[in-house]
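Could you use the hints to bring the two separately framed chains together as a complex?
Protein sequences appear in the order of chains A and B.
Under the numbering used here, read the first sequence as residues 1 to 319, first letter to last.
Under the numbering used here, read the second sequence as residues 1001 to 1322, first letter to last.
Be a bit skeptical, because a hint or two may be false.
Coverage of chain A stretches by chain B, computed from C-beta distances (three or more under 8 Å per stretch; other residues unrestricted) [stated by the list, open to error]:
(1) 102–108
(2) 149–157
Footprint (simulated), chain B over chain A, 3 or more residues, beta carbon under 8 Å [as the list claims (entries may be wrong)]:
(3) 83–96
(4) 121–127
(5) 305–317
Simulated from the structure, these hints should not be mistaken for lab results.
The structure displayed is predicted, hence computed values, not measured ones.
Even for Gly, the Cβ is constructed at its ideal location relative to N, Cα and C.
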Amino acid sequence: MKHLKTPESLLFYMMLIREFELKIAEMFAYGKLAGTMFHLSVGQEATSVGTIAALEEGDFISSHHRGHGHMIALGADIKLMMAEMFGKRTGYCKGKGGSMHIADIELGNLGANGIVGAGIPIATGAAYAVRYRGGKQVVLCPFGDGAVNEGVFHESLNFAALHKLPIVYVIENNQYAMSTSVTKSTSITDLYKRACAYGISGEFVDGMDVEAVLETTKKAVERARRGEGPTLIESRTYRYYGHSRSDPAPYRTKEEEEEWKQRDPIKQYQRKLIERGIITENDVKKMGEEIQKILDEAVKFADESPYPEPSEIFEDIYA
Amino acid sequence: MKEMTYRDAIREGLWEEMKRDDRVCLLGEDIGVYGGAYKVTRGLLDEFGPMRVLDTPMSEALIAGAAVGMALVGLRPVAEIMYIDFVTLAMDQIVNQAAKFHFMTGGKVKVPMVLRTQGGTGRSAAAQHSQSLEAWFVHIPGLKVVMPATPADAKGLIKAAIRDENPVIFIEHKGLYNLKGPVPEEEQIIEIGKADVKKEGKDLSIISYSKMLHTCLSAAEKLEEEGISTEVLDLRSLRPMDDEAIKKSAEKTGRVLVVTEANKTAGTSAEIFARVTELVPKARVARIAGKDVVIGCSPVLEKSSIPSEEEIIEAAKKLLES
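Chain B on its own, in the form it takes in the complex (with noise of 0.2 Å):
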C-alpha cells in the first residue's frame, strides 16, 4: 500500500489507462496547460501531448458530444465537465445520445466514454457550483454512474469506468481531492456496481456515498463509543446499485439509516430508502439527506444545508428507539 490523495489516485489512474491503451484520450475545459479546476489532469499533458489531453472551448455539448462521437469510432474518451453544475448545458448528450445509441441501434454500436465531473459543498463556491445531481444520471437507464469515496476505490474505478463499454459518469466530490489513502502497489480494478462495506457492526446499518460516507464513518465512531455497533456500507455505485450488499446489511442489522449530501426530494436517498423496503420488508429505515434549498455562499448557509454528524447520530438513537 501507498498512501496518497484521492487526487492523485485519479490521476495516477488516467495515466496508467493512457499508458496501457492509446484510444484513452481526455478532453475538458482547462485540462491540459492548466490541469483542471482541480489539478486532476495536472502533468498528463506534457506527458501524453495535446491531441490526447485536449483543451477544449468553453462548450459543453459539444465536450459531451464529441465524446460520444469519438466512441463511436473507436476512441475511449474521458471528458470532463468541470462542475456537475454545468451538465445542464450537455445534457441532451449525455441522456438523449451517449445513453440511447447502444439500445436504438438494437446493439449495433457502443459508447464506451466516461464523463468525468465532480459535485457537491464544502467550498463556498455557492448555489452553482455545489449541486449534488447525480440523481439525475441515476434515473437514467443506459447510464452508469459511481461516486468513490477513497482513493483507493477512486483509482480502482476510474479504470474500471475507461474500460468499461458504457457510457460512465464518474461523480467525484470537490471536498475529497486532498483526503489521503492507501491505494494498492499492484493494479487494482474495482467492479462497477459493487458497494463496500467500510466499517462492520450489528446495531445498525448505515447507507452512504461519496463524501458523506466520512461523515458517517466519524458519526459511527461517536456511536461505537456509546456502545451502539455501527456498520457503514459505502455504496460506491449508484447504477447499477448493488441489491445485494444493501440487503445483506439490512438482513443483519435490521435498521438502516440512509444519509446523502444530495437534497431530499425526490433524490438518491428516496431510491436507496425505497431499495432498502422493497429488498427486506421488515427492516426500519430512515433517512437523512441535504435540505431541499438552494446552497448559500456564507459558510454559516452552506454547512445547515447539507447533513451533519450530530444529525446523523440523532437519527440512528431514533432509529434503534423505535
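Excised from the complex, chain A in its bound form (with noise of 0.2 Å):
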C-alpha cells in the first residue's frame, strides 16, 4: 500500500489507530455512540497495519468484528469512520452498519463481520474469482483466535490450499475468544501449526512488532501472488481493553497485562526509528498533535451530522 511505505508511516498509522479506538472509548463514556458493541483493537496495531502495508492497492481484505484497524490502515475517512459509529447516515454504511460492519469496497475492503469466522469462506470465494478472472490480487484474510476453532475454518483452508488460491489467511492471536484463553480452547496452542494439515506455509510472527508482521506478511502476499498458494500466519499479540466496552476482563490478571503492555508494539517502534535516527522526539510529538487534530475534526463531523431518517431501514435491502 503507497501509504504504508515507510517507517514514519507505519508508525502514523499505529498511532492513528491507537488514538482512534481510545477516543471511541471517551466518546462511548459520553453517551455519544451507538450501542455497546465496540471491539477495540489497541494492543493490536502492529498487526494491522503490518499485515495490510503488504498488500498492493486493488488487493483484497476481508474484516471482522474487531476490524477499526483494517480500515484505519487501508486508508480509510476518519470521518466517515467516526460518523458510522455514532450511527450518523454520513458514515461509511449510512448508520447501518455500524462498529462490526464498517466496511467500503472501494478501499479493497470485502465487508466486515459480526459472526466469528464467518468472512473466511467469503474471503476464500473473493481469492477463487480472482484467480476465475486471471487477475494478479492477493486476499488477506485476518481472524482472531476464536475463530480457528469454527468449521468454516477448516472448510476454507482445505479448498484454498486445495486450488492453490492466492488468500493470506492471518491469526490474530490476542490469545482470548471472549473470555476464553486459547489454553482452554484449543489443543494446540500454536495456531500456525495447523497450516500443516492443509500442506500449507504457517508462519509464527510476533503480532508486536510491525516490521517483522510486515516482513512475514510480504513473502506470504509474494507467495499467493506467484501463484504458489495460501499461508496461514499466526501474529500473536494482545488486546488492552476487554472483549468489547461492556467487558471489564475478569478472566486474566492485571500482571499478564503489564506484562504485554511493556512489549506495546507502538512505544517499541518508537524507540527503535528514534535509535536509528529516522525521527525524533519532536515528530512523534507532532504526529500526535496532527492526529489529534484529525480526531477533533472526525468528532465534529460526526456530531453535527444528521441521523438517518426512520424510513432509510427500508432502504437498501435489496439491490
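Below, the structure written as C-alpha cells:
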C-alpha cells in the first residue's frame, strides 16, 4: 500500500488506530455512540498495519468484528468512520452497519463481520474469483484466535490449499476468544501449526513488532501472487481492553496485562525509529498533534451529522 | 413450444446463461463429473470446464460462503446445495452474510448469487433428505425465494435468478425432475415475484406452489367434474409474494384453500393464509399443509405426511359449504 511504504507511515497509522480507539472509548463514556458493541483493537495495531502494508492497491481484505484498525490501515476517511460509530447517515455504511460491519469496497474491504470466522469462506471465494478472472490480486483474510475453532476455518483452508488460491490467512491471536483463553479452547496452542494439516506454509510472527509482521506477510503475499498458494500466519498479540466496552476482562491478571504492555507495539517502534535516527521525539509529538486534529475534526463531523430518517430502514435491503 | 423435462429445462437455463455471460459459474458437490445428484448439471463440465463448473469438497458452509465472496468480486455464482436438508450446514452464510451484506454496507456492495437446492418427499429419502424448509428463507429480508412447478417456469425463473442483483434461493423439487411440459423456443425470463393462474375458475381458489401444485390441479379437475369451478394459483415466488395475484383471485372466488407440502406449524401455509385474510378480509380461508411429523422412509409413512388429493377435494367441498 502506497501510504504505508515508510517506517514513519507505519508508526503514524499505528498511532492513528490507537488514538481512534481511545477516542471511541471516550465517546462511548459520553454516551455519543450507537450501542455497546465496540471491539477495540488497542494493542493489536502492529498486526493490522503490518499485514495491510504488505498489500498493493487493488488487493482485497475481509475484516471482522475487531476491524477499525483494518479500515484505518487501508486509509479510510476518519470522519466517515467516526460518523458510522455515532450511528449517523454520513458514515461509511449510512449508520446501517456500525462498528462491527464497517467496510468500504472501494478500499478493497470486502466487509467486516459480526459472526466469528464467517469472513473466511467469503475471502476464500473472493480469491477463487480473482483466479477465475485471471487477476493478480491477493486476498488478506485476518481473523481472531476464536475463529480457528469454527468449522468454516477448516472448510476454507482445505479448499484454498487444494486450489492454491491467492490468499493469506492471518490469525490475529490476541489469546482470548471473548473470555476464553486459547489454552482453554484449543488443543494445539501454536495455531500456525494447523497449516501442516493442509500442506501449506504456517508462519509464526511476533504481533507486537510491526516490521516483523510486515516482512512475514510480504513473503506470504508474494507467494500467493506467484500462484504458489495460501499461507497461514499466526501473529501473536494482545488486546489491552476487554472483548467489548461491556467487558472489564476479569478472566486475566493485571500482571499479564502489564507484561504485554511492556512490549507495546507503538512505544517499541517509536524507540526503534528514534534510535535509528529516522525520527526525533519532536516528530512523534507532531504526529500525535496531527492525529488529535484529525480526530477532533472527525468527532465534530460525526456530532453535527444527521441521524438517518426512520424510513431509511426500508432502503438497501434489495439491490 | 418444445417438450422437455423440468431437469432439462433448468439445465438449458443454466447453459444459456453461462453462454451469455462468462461471469456465471457453478459450484457444488458432485455437480461436475457426476452431473449432480439429480443430473441437472450433466454435460456442463464438458462444455464449460472445471473453472466454471466447480466440484467442491463436502463443505456446505464453504460453498455458500465462497459464492458470497465470488459475487462480491463480480462473478455471478450459482451454488448448489444437494439437498435442502443440508442448508443447516450453510445457514450462517445464507442468512447472516448473503442476505445482509447489501444493507450492512449501506448499499455499497451487491451479492448477485443463486443458491440452487431441492427438497420435498416422494423418493423414500427419509427424515434428512425430504423436508420442505422454504419457510426458513422466506422469513429473511434480503433473500428472494422461488419454487417453480413446471419446466417452463423453472427455465424462466433460473434465468431471472441468475440475472438478479440479489441472493436468490432457487428451490427445486426432487419429484418434479422427470415431469415433462412445454417450454417456449424463444428466450423467456419470468419475473421473480409474479404468481401465475394455472387454471381459471370462479367458485373457489386453491393457492399452492412447487410439486403440490400438480396435486391441486388434479384435485381441481375432479372438482370440476362435480361442477365446482376451481381456480389454481401457482405462487412460483414465495419472497417476494405476489399479493396482487392473491388478492385478485380471493376477491374473484371469495373462498381460498391454501395447500402446501411444507408442514403446518409456522410454515408457508400460515403466511399465505394470513395474507389472504389481510388482503381480502371477507374471504373464507382454509389450509391443508404437511403434517407436523418427521418424514418416514416407508412409502406409506412418507405419503401420509403430506396432503393427498382426497384431502384437498374434501377440504374444498367443506370450504364451499361454509
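Tell me, which hint numbers fail for this structure? Those not satisfied: there are none.
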